[in-house]
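**Q** Protein sequence lines correspond, in order, to chains A and B.
For the first sequence, my numbering begins at 1 and goes up steadily by one.
For the second sequence, my numbering begins at 1 and goes up steadily by one.
Source of the hints: derived by calculation from the structure; they are not laboratory data.
Since this is a predicted model, take the numbers as computed values, not measurements.
Where is the CB? At the ideal position from N, CA and C, for every residue including glycine.
Honestly, I wouldn't trust all of these hints.
Claimed, not checked - Incomplete in silico selection of chain B near chain A, CB under 10 Å: (1) 2; (2) 84; (3) 85; (4) 90; (5) 95; (6) 96; (7) 98; (8) 112; (9) 159; (10) 165; (11) 185; (12) 189; (13) 236; (14) 240; (15) 243; (16) 245.
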Amino acid sequence: MPAPPARRALSARERYLPFVFSALSVVVVFGLIARLVTRAEQWPRIKLQFFNIDAIIAAFPNVFRGFLTNMTVWAIALVAIAIWALVLAIFRSLTGPLFAPLKVFSILYIDLLRGIPSLLLVLLFGFGVPALQIPGLPRTGLFWGGVAMILGYSAYAAEVYRSGMEAVHDGQRAAAKALGLSQWQTLIYAIVPQAVRNVLPALLNLAVALQKDVALLSVIGVRDAVREAQIFTARTFNYSSLIAAAVLFLAATIPMARFTDYVARKDQERRLQRTL
Amino acid sequence: MYRVRIDNLTKYYGNTLVLDAVNLAVKEHEVVCLIGASGSGKSTLLRCVNKLVPFDHGTIELDGVSIEDEKFKNSNELHKRVGIVFQAFNLFPHMNVLDNITLAPRKVHGVSRRESEKHAHELLQLFGMPEFATSYPEQLSGGQQQRVAIIRTMATNPHVLMLDEITAALDPELIGGVLKIIKDLAEQGMTMIIVTHEMGFAREVADRVCFLEGGRILEEGPPQKLFSTPTHPRTQQFLQRIIEAGRL
Ligand SMILES: Nc1ncnc2c1ncn2[C@@H]1O[C@H](COP(=O)(O)OP(=O)(O)OP(=O)(O)O)[C@@H](O)[C@H]1O
Ligand SMILES: [Mg+2]
Numbered sequence: 001m002p003a004p005p006a007r008r009a010l011s012a013r014e015r016y017l018p019f020v021f022s023a024l025s026v027v028v029v030f031g032l033i034a035r036l037v038t039r040a041e042q043w044p045r046i047k048l049q050f051f052n053i054d055a056i057i058a059a060f061p062n063v064f065r066g067f068l069t070n071m072t073v074w075a076i077a078l079v080a081i082a083i084w085a086l087v088l089a090i091f092r093s094l095t096g097p098l099f100a101p102l103k104v105f106s107i108l109y110i111d112l113l114r115g116i117p118s119l120l121l122v123l124l125f126g127f128g129v130p131a132l133q134i135p136g137l138p139r140t141g142l143f144w145g146g147v148a149m150i151l152g153y154s155a156y157a158a159e160v161y162r163s164g165m166e167a168v169h170d171g172q173r174a175a176a177k178a179l180g181l182s183q184w185q186t187l188i189y190a191i192v193p194q195a196v197r198n199v200l201p202a203l204l205n206l207a208v209a210l211q212k213d214v215a216l217l218s219v220i221g222v223r224d225a226v227r228e229a230q231i232f233t234a235r236t237f238n239y240s241s242l243i244a245a246a247v248l249f250l251a252a253t254i255p256m257a258r259f260t261d262y263v264a265r266k267d268q269e270r271r272l273q274r275t276l
Numbered sequence: 001m002y003r004v005r006i007d008n009l010t011k012y013y014g015n016t017l018v019l020d021a022v023n024l025a026v027k028e029h030e031v032v033c034l035i036g037a038s039g040s041g042k043s044t045l046l047r048c049v050n051k052l053v054p055f056d057h058g059t060i061e062l063d064g065v066s067i068e069d070e071k072f073k074n075s076n077e078l079h080k081r082v083g084i085v086f087q088a089f090n091l092f093p094h095m096n097v098l099d100n101i102t103l104a105p106r107k108v109h110g111v112s113r114r115e116s117e118k119h120a121h122e123l124l125q126l127f128g129m130p131e132f133a134t135s136y137p138e139q140l141s142g143g144q145q146q147r148v149a150i151i152r153t154m155a156t157n158p159h160v161l162m163l164d165e166i167t168a169a170l171d172p173e174l175i176g177g178v179l180k181i182i183k184d185l186a187e188q189g190m191t192m193i194i195v196t197h198e199m200g201f202a203r204e205v206a207d208r209v210c211f212l213e214g215g216r217i218l219e220e221g222p223p224q225k226l227f228s229t230p231t232h233p234r235t236q237q238f239l240q241r242i243i244e245a246g247r248l
């Protein structure tokens, strides 16, 4: 058996030179920008107002506690959205007169909730529902704000699922039906698993967006990172706490976005590999 | 009594007449091959029999019972009787071979997982692919995928097996393995309706060959007769073209 062709050995120079050049140009460009900014006349004031280390340290414990609230809401909402949106998408895909009410409900739901700004939903649910004082239901803004996020985002996620279900080849449905699977079984065993796999990258993108949007709960008084930062700002007239909150959000969203890229790339590779 | 009996079957797609009063009756253990040019209605005929598409006039009976009868209202009952394998295999890509094969027995026929997997392994053994039980469809060649698709349908123990150009998407060197399975099934007495462009295969395996054109069965008969002395000019033309293409 012939041996696989040996890889041509690259000299150290050939290997590292491109990296050295890219690193150098990045350092030069960003260095220049930083120099321009810090030499500006207003820089000391900006630094004092926004990047005041003492203020950041002082605000950090409260902002961080708030941030944990954000991430808890995010994690719970994520699970709830993944499930509820799938239910909506399945309702929407059902055919036959028996299922017509579910289908109509799903279409109306998606149209309505996709058309209303998230902020408005949060205000409506966060202030409105507790004001009704319905016995037996929680009255906290945290709970109802979270519900608003779940209901709104589910409308988007349902559409994502739906596109994934429609992308599953018709032959799959025909095969499932020909094997005797009912409409419901066809969905559960054949269509939905493929659809979920198809739309995972798109769903993760929604998850990244939600990661930031949970900060909307601050407008109904939930003491999340943004709210805590605002409280600090109002007390000290210094905006560094907002920067602290921003950094915390970045620390969560950037890895999440990278992870999404990674999943999308894997998905791409899988599609390319498929021969038929 | 016939396994499948089609009377006066007529179907339109919109205003296009696709099946024009087709009559076809298939006895137990009989193998019927449908041949004909592209668009002559062969696939549509099969799809009507297992209710994948509705039809406009005529009747289709399985073992003497109309498929529109109350008994087949629940279409599962129908699909327990008639299995179909498609040109494009349509295996479920997210399931391994074993799960592909046992899904319908478990979920439709109520067979236990243990029982159905045992049966699946037997079938894989029988059809010469015991080592592929845990492979995923994308890891198999087209020919192997098609053999799994046939096994998947056979695992539901259908009374009638319908095959729609199951080798049309395969490379020539993969066709033999798939056709071998069908010949084995024919020898075991499986009742089959086979749409095929492989005339040599049809000649070997069929008890009867039907030539379709424009949604009608123009001519039918035993393969020796139909292939050597076709009476209808259209059949002669069709076979002539096939011979010229080197497929007979
Ligand atoms: N879903 C559909 N909608 C409209 N017309 C259709 C549909 N499916 C098939 N037809 C038409 O019905 C006719 C018969 O199609 P059919 O698929 O049964 O032919 P076939 O004999 O199987 O051809 P082939 O050998 O190419 O598979 C064709 O004219 C086709 O264009
Ligand atoms: Mg066809």
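**Q** Given a cut of 10 Å on the nearest C-beta pair, is the interface hint for residue 185/B held or broken against chain A?
**A** violated, 17 Å
**Q** Holds or violated: is there a CB of chain A closer than 10 Å to the CB of residue 98/B?
**A** violated, 14 Å
**Q** Interface hint check: residue 165/B, Cβ to nearest Cβ on chain A, cutoff 10 Å. Holds or violated?
**A** violated, 13 Å
**Q** Can you verify the interface hint for residue 96/B: is its Cβ closer than 10 Å to any Cβ in chain A?
**A** violated, 13 Å
**Q** Double-check residue 90/B for me: the hint is only fine if its C-beta lies closer than 10 Å to a C-beta in chain A.
**A** With a closest approach of 4 Å, the residue 90/B hint holds.
**Q** For the restraint on residue 95/B, tell me whether the closest CB of chain A is nearer than 10 Å.
**A** holds, 8 Å
**Q** Any CB of chain A closer than 10 Å to the CB of residue 243/B?
**A** Hint violated; residue 243/B Cβ to chain A Cβ min 31 Å, cut 10 Å.
**Q** Does residue 236/B pass the interface hint, meaning its C-beta sits closer than 10 Å to a C-beta of chain A?
**A** For residue 236/B, the interface hint is violated, since the closest Cβ of chain A sits about 35 Å away, which is over 10 Å.
**Q** With chain A as the partner, please determine if residue 85/B meets the hint condition of a C-beta pair closer than 10 Å.
**A** Hint on residue 85/B: holds, closest Cβ of chain A at ~9 Å, below 10 Å.
**Q** Please verify that hint: residue 84/B, Cβ, nearest Cβ of chain A, below 10 Å or not.
**A** Holds. Min distance 5 Å.
**Q** May I ask you to test the interface hint for residue 189/B with respect to chain A, counting a Cβ-Cβ separation under 10 Å as satisfied?
**A** Residue 189/B check fails; min Cβ-Cβ to chain A is 22 Å, beyond 10 Å.
**Q** Quick check on the hint: residue 112/B CB to chain A CB, less than 10 Å?
**A** violated, 17 Å
Checked against the numbered hints listed earlier, the structure breaks hints 1, 6, 7, 8, 9, 10, 11, 12, 13, 14, 15, 16; every other hint is satisfied.
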